[in-house]
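Novice: What follows is each chain in one-letter form.
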Amino acid sequence: MKVHNNKAWWLVLPVFLLVAFSAIVPMMTVVNYSVQDIFDHSTRYFVGVDWYKQVLQDTRLHDSLLRQFIFSACVLLIEIPLGIAIALCMPTKGRMASLVLIVLAIPLLIPWNVVGTIWQIFGRADIGLLGWSLNSLGISYNYASNTSDAWVTVLIMDVWHWTSLVALLCYSGLRAIPDVYYQAARIDRASDWAVFRHIQLPKLKSVLLIGVMLRFMDSFMIYTEPFVLTGGGPGNATTFLSQTLTQMAIGQFDLGPAAAFSLVYFLIILLVSWLFYTAMTHNDKTR
Amino acid sequence: MAEIRLRNLAHSYSRSPSGPADYAIREMDHVWEQGGAYALLGPSGCGKSTLLNIISGLLSPSHGEVQFDGKVVNALPPEQRNIAQVFQFPVVYDTMTVFDNLAFPLRNQGMNEAKVLAKVNEIAEVLELHPLLRKRASNLTADEKQKVSMGRGLVRDDVSAILFDEPLTVIDPHLKWKLRRKLKQIHEQFNITMVYVTHDQLEASTFADKIAVMYGGQIVQFGTPRELFERPSHTFVGYFIGSPGMNLIEVLPYGGGVRFNETMLPLSPALNRRVAEMPGAKLKVGIRPEFIHVWDGPNEDAFCADVVHVEDLGTYKILSLKLDGQLLKVRLQEDQPVPQRQAYLSFPAQWLMLYADDILVETKPMEVQP
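Those protein sequence lines, which keep their order, are chains P and C. Okay, so the first sequence: first residue is 383 according to the numbering used here, each after it adds one. Okay, so the second sequence: first residue is 144 according to the numbering used here, each after it adds one.
Source of the hints: derived by calculation from the structure; they are not laboratory data. Computed from a prediction, not measured in an experiment: that's the story for all the values here. Cβ coordinates follow ideal geometry from the N, Cα and C atoms, glycine included. Hints are supplied without guarantee of correctness; some may be wrong.
Stated by the list, open to error - Derived DEER-like restraints, expressed as beta-carbon distance ranges:
hint, chain 1, residue 1, chain 2, residue 2, range
1, P, 471, C, 176, 18 to 28 Å
2, C, 459, P, 475, 46 to 56 Å
3, C, 250, P, 448, 36 to 46 Å
4, C, 277, P, 386, 22 to 32 Å
Unchecked claim - Covered stretches of chain P, going by a simulated chain C footprint (3 or more residues, C-beta under 8 Å):
hint, segment
5, 561 to 567
6, 571 to 578
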């Protein structure tokens with residue numbers, strides 16, 4: 383006979399409380415805002431799904447959502463292969479290995495607004511090393527007025543800031559592969575490409591999954607760096623979702639639509655992350 | 144297929160070795176003949192795997208030469224030595240099917256697909272991997288994976304040699320025996336030189352025609368299982384081979400032989416002459432527990448020993464005795480009477496080995512000379 387002992391629930395309670403305070407309560411607050419039109423703390427109206435309808439039809443949001451997807455796709459397409467390539471080239475032991483690790487970790491340790499400031503100055507045509515050099519070479523470059531210059535600068539900034547994370551994750555994954563795999567591959571006369579394709583890449587799968595998810599979520603929520611660098615401009619060219627949202631919530635104080643949009647935003651991230659996860663772990667489950 | 148010769152080979156992992164203790168392999172000369180089935184037997188850390196990796200080229204020796212059919216191959220990497228090696232733990236390419244795993248070394252050689260198919264099928268047949276060929280290698284059990292690893296070594300029949308580094312460690316005991324038989328069959332079928340590293344004497348003697356026993360970075364004896372048993376040329380071989388190992392007793396020379404405490408063991412004149420040539424050597428006598436003769440009663444040739452302990456192992460018994468303060472093990476067959484309290488022993492001269500500084504004292508060369 384099964385004995386039911388409900389005392390065990392007490393053991394779950396601390397976690398439940400923690401999650402409630404960290405996630406459920408704030409989220410329910412947002413849900414609360416998203417279904418009401420609030421003027422002050424005594425004047426509010428229940429509006430149902432009206433804000434959602436409005437948000438889903440807002441072309442400004444459509445545009446920044448599209449920009450956001452393009453940006454995240456570029457980030458992943460550049461940073462993941464580049465991170466793997468850097469990890470493969472990194473020295474495995476000795477003083478050089480430690481040195482490279484430290485150098486790679488530096489961008490990760492810099493506060494995000496400082497990263498934005500660094501690139502803002504670096505790219506300026508009058509005093510910035512990058513901007514001045516390019517212009518002196520006869521290449522016209524101005525991230526403040528040219529849309530593609532702004533995009534390229536934001537992308538390169540993100541690549542500079544975050545490729546290290548992918549590289550470090552892959553480096554740790556590569557170090558975890560036992561030597562015997564490489565030895566067996568040499569005995570089997572495998573080419574370098576075959577070693578990468580059949581040993582290193584499969585063994586990197588789990589760290590790459592983490593890398594892809596982290597980079598997708600972070601890039602999809604990017605705010606500080608482009609805000610400091612370009613302020614979203616020129617025009618709205620580098621205004622990504624979180625910035626649009628912030629303008630809506632804090633700039634215009636449209637709390638209702640902003641809350642509704644936050645939830646849609648959240649669901650998009652959840653959905654895309656789930657797709658990545660399912661696609662990358664697909665093989666393990668079906669066989 | 145090749146004869147593998149090691150000349151003045153030594154290896155040290157330290158960059159500036161200062162003494163013999165720094166060497167994983169001490170200077171040795173050795174020949175593995177073409178087509179032989181060899182075992183490399185020794186305790187953990189004696190240098191077996193190091194030696195294997197030097198032969199396959201995964202390690203480059205710090206001294207001496209490795210020759211395949213008389214050609215020095217020191218500078219060749221493993222992929223150019225045409226050698227197969229199976230490791231202690233299974234290595235499979237997870238993303239490939241079993242078939243592709245087995246075909247991998249062949250395809251890397253540029254073999255055409257029709258031939259690849261034939262070879263893979265042949266090896267799958269021998270290793271009973273047929274039902275798994277379409278399965279992905281990542282979903283196999285440990286021993287299936289090891290069979291695939293072995294298959295990748297065996298599928299290339301043009302190799303100079305196949306090296307096995309304790310390949311059956313992860314395999315279930317009942318399968319171990321089967322796979323060992325399989326390897327032996329494959330050896331007979333393809334006539335490839337095989338070197339099999341193990342620390343298990345049973346495994347070594349069922350697989351190999353000749354066993355090299357390694358101890359402290361050296362091959363201390365190379366011979367058939369029977370030679371290792373009957374005439375261990377080093378005390379370590381005596382101790383390591385056999386269950387229980389050889390009885391080894393430290394002795395001192397006296398006029399006509401050697402003695403320990405009050406017990407005198409007379410030696411042949413030839414041996415006595417050899418002992419006289421080596422003053423100061425540390426002498427030991429060794430005799431296998433199987434070869435100590437137990438008399439039914441007192442006898443003028445027999446020593447009297449106290450019975451300490453009897454261990455019944457089913458088909459035979461191990462008798463622990465104390466003779467003049469020295470502990471001895473004797474192996475009694477099932478039908479032999481078991482002595483109570485006291486046993487009467489003698490040491491047949493042909494089975495009594497004399498060791499000087501752990502090396503067998505041979506008398507043959509002396510007797511040949513006039």
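Novice: Which numbered hints are broken by the structure, listed smallest first?
Specialist: Violated hints: 1 and 4; rest satisfied.
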